[in-house]
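Chain residues, written in single-letter form:
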Amino acid sequence: MSFDFHVFSEEQLAGALANVFITPEEVLQRERSRYLAGYLTEIGARSIVVENDYTDGDYLDDYASYYYSCFEPYPRLCKRLHFFKSSFDEAIFANIVAGKESPKLLKDSYLGFVIARPLPQAVIGRTVLKTYEPAGRRYYPVKRRYEPHLAGIKLEIEGLAFQEQDRVTAACATVALWSAFHMTSKLFHGTRRPRPSHITEAANTVRAASRTLPTHGLDVFQMCEAIRAAHLEPEVIPIAGGTPAASIIYGYLRAKLPVIMICEVEGVGTHAITLNGYSIPSEEPDFSEPVTRNVRSYASRIAEFYGHDDQIGPYAHMFIRKPRSKKEAKKYPFILEGSWKVDGKKAMILPSLLVVPLYEKIRLRYIEMHAWIQRIMSLLVRSFTVADFEWDVHLTTTNGYKSALRDPATEHPLGSDQILLEQQPRFFWKAKVNYKGAPVFEVLGDATDFGNEDDVKHSFPLFRVAWYNDQTRDVFRQFIEDDSDGVIRALWGSKLSLLMSGTSPRQRH
Amino acid sequence: MRHDGNNDEQGNAMTLEQLKAATQGADAEKIREKLDRDIASFVQEHRVSSETLKKQVSV
Chain V
1 MSFDFHVFSE EQLAGALANV FITPEEVLQR ERSRYLAGYL TEIGARSIVV
51 ENDYTDGDYL DDYASYYYSC FEPYPRLCKR LHFFKSSFDE AIFANIVAGK
101 ESPKLLKDSY LGFVIARPLP QAVIGRTVLK TYEPAGRRYY PVKRRYEPHL
151 AGIKLEIEGL AFQEQDRVTA ACATVALWSA FHMTSKLFHG TRRPRPSHIT
201 EAANTVRAAS RTLPTHGLDV FQMCEAIRAA HLEPEVIPIA GGTPAASIIY
251 GYLRAKLPVI MICEVEGVGT HAITLNGYSI PSEEPDFSEP VTRNVRSYAS
301 RIAEFYGHDD QIGPYAHMFI RKPRSKKEAK KYPFILEGSW KVDGKKAMIL
351 PSLLVVPLYE KIRLRYIEMH AWIQRIMSLL VRSFTVADFE WDVHLTTTNG
401 YKSALRDPAT EHPLGSDQIL LEQQPRFFWK AKVNYKGAPV FEVLGDATDF
451 GNEDDVKHSF PLFRVAWYND QTRDVFRQFI EDDSDGVIRA LWGSKLSLLM
501 SGTSPRQRH
Chain U
1 MRHDGNNDEQ GNAMTLEQLK AATQGADAEK IREKLDRDIA SFVQEHRVSS
51 ETLKKQVSV
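Line by line, the protein sequences give chains V and U. At position 337 of the first sequence the residue is numbered 337 (the working numbering), and the sequence of numbers has no breaks. At position 38 of the second sequence the residue is numbered 38 (the working numbering), and the sequence of numbers has no breaks.
Hints listed in this document are in silico derivations from the structure and should not be mistaken for laboratory results. Positions of the beta carbon are idealized from the N, C-alpha and C atoms, including for glycine. Treat the hints with caution; some may be incorrect.
Claimed, not checked - Derived DSSO-like pairs: lysine-lysine, alpha-carbon spacing no greater than 30 Å straight-line:
1. V/K495 <-> V/K402
2. V/K495 <-> U/K55
3. V/K330 <-> U/K30
Stated by the list, open to error - FRET-style restraints, in silico, Cβ to Cβ:
4. U/S49 <-> V/R34: 47 to 53 Å
5. V/R34 <-> U/Q18: 21 to 27 Å
6. U/G25 <-> V/R477: 28 to 34 Å
7. V/R192 <-> U/A21: 30 to 36 Å
8. U/S49 <-> V/K346: 30 to 36 Å
9. U/G25 <-> V/R137: 50 to 56 Å
10. V/V291 <-> U/S49: 49 to 55 Å
11. V/A387 <-> U/I31: 19 to 25 Å
Unchecked claim - Covered stretches of chain V (chain U as the covering partner; in silico rule of three or more C-beta atoms under 8 Å from a C-beta of chain U):
12. 26-37
13. 135-146
14. 239-245
15. 363-374
16. 487-499
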């Protein structure tokens, strides 16, 4: 195996990505390559180390599934390009490998890697790069640790795997699922992280309308099948004008769960993007998710989402924009402006569906939790202003929740010491409400239970209310105890009333 | 860290009087029926249909 060294530049990157089928000039004409060059420049890349003749497992599976049987002798080996923020040359690298210099220089300045596939078109294979700096507004909860080794030196990078589709073993739906599985397999023990050709094959085990390979895309049903094959369950949420879509996306992303957004790219077609982050700027965004059924969401502060778009690049930004007509507003709560262009003009992204690969025990949907909050608000809106309440709703785990309670730097509710000792479901929804900017209480909803909020007599997943202030708690308790005419119980139901007054309706005797 | 969630100093606390005002003059059954219908339609709107599952994702 040989190594090459380059000072980072767009041209050097193109040269490193090029192969016998595609020249550096042709590489540079491709938008994905230019995006990659721009991204690496932004995160401060200064050096490239190229590992030649690299065996990449993902490409090898694609090769074995398709390319090896082509008449054209496609190569089996790739190149792996490593990027560093520091400047060094071959002599320094040789000293580090020989143990004459510390590897700290490489470890501290590592920015990630790109597999350069030996193909005529889709040269950008498995890619893991550092995210942009948070800058006080960017959040990338959907990322994990990767530990690539370079000449025996263990490097570390936090990110989420990306690759561009080759339109043979994988189209956008397959690639979006592949990225998502990179995260879910880390989160949920026992779930799988299949390679692209296996995802496409698993999807086509049911109702294959056309040939499996080369793939022409998947339908949503097939995507769900591929999710099941990875030992996960698909949560599919259709989007309409009244859907709190930003809240739903945020609710899952905060739990480190990737959300696959199915969308129409204007003038192009139906596409899949793996959402993995969001931006909450200090100033209010130009347009945000409207109040949905008396629930104003913290997620309405989100100005843009980030996602792996295999036609654009990793962590591609998409700004939330107002629908351009009443007709559009009926179909979409917001539209997105990213880097898509058709004939030189901006092409808007219209979100139509969300697909979340979930561990089987996560059953309660965001929508059902939202419906319970709507029920709580149904009473409060009669004498308070909706805009004064802000609900921060997201999925969490008992370990994550309790770890946060033990963190002295985070605000936590009354009785945290007691909560730490309570048994909780492994997964639950946390819905915390602020009134005029100050936290009031949080409601916890068991995500391992079932929802059916439209059937309150038989389903009650809420299991805990934690208050932030004893005076407000006592005021609510007295209010509920004084419910002589039964209005509160009529609107909230007896179980929710009991819970809000401080009694657990789940107490076992 | 404990937050003063009551906002007392700013006079922004939720008071018993305000809460009680929420129930005054309420036709509970009527409101409940409307709320139940509203919630049922919201949940129903967000259930996936077989038509949706046929959507081809191919860009």
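**Asked** Okay, which hints does this one fail, numbers in order?
**Response** 2, 4, 5, 6, 7, 9, 10, 12 and 13
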